[in-house]
Amino acid sequence: MIRWMIVIFLALLLISWFTPLLRKLGFGRLPGDVRFKAFGRDWNLPFATTIVLSMLASLIGYLI
Numbered sequence: 001m002i003r004w005m006i007v008i009f010l011a012l013l014l015i016s017w018f019t020p021l022l023r024k025l026g027f028g029r030l031p032g033d034v035r036f037k038a039f040g041r042d043w044n045l046p047f048a049t050t051i052v053l054s055m056l057a058s059l060i061g062y063l064i
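When the letters of the sequence shown are read in order and numbered with our numbering, they come out as residues 1 to 64.
A couple of the hints might just be wrong.
To be verified - Now the in silico label distances, taken between C-beta atoms and shown as ranges: (1) L63 - W43: 33 to 43 Å; (2) W17 - F39: 25 to 35 Å; (3) T50 - K24: 26 to 36 Å; (4) F39 - L63: 39 to 49 Å.
No lab work stands behind these hints, which were simulated from the structure alone. If you're wondering where the values come from, they're calculated on a predicted model, not measured in any experiment. Cβ atoms here follow ideal geometry from the backbone N, Cα and C, with glycine treated the same way.
Taking the hints into account, I'd like the entire structure generated from these sequences.
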């Protein structure tokens, strides 16, 4: 259980570090990503970006 918590924490940390780079590359603005403003805050639901990055991670894992 602790091992999974550490893995999730490290994954979130890496995602937060690479978010500015991914935004410069166009991720987060793909068709299928939902952005809206509610309760005075901008919300981003990156459905298409998640699918693309998941497929890329699967391809890398398959090749390794």
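(message) Against the range 33 to 43 Å, how does the distance between the Cβ atoms of L63 and W43 compare: consistent or not?
(response) holds, 35 Å
(message) Between the beta carbons of T50 and K24, is the distance compatible with 26 to 36 Å?
(response) violated, 18 Å
(request) Return holds or violated for the Cβ distance of W17 and F39 against the range 25 to 35 Å. (result) holds, 27 Å
(request) Starting from the hint 39 to 49 Å, judge whether the C-beta atoms of F39 and L63 obey it. (result) holds, 43 Å
The structure shown violates just one earlier hint, number 3.
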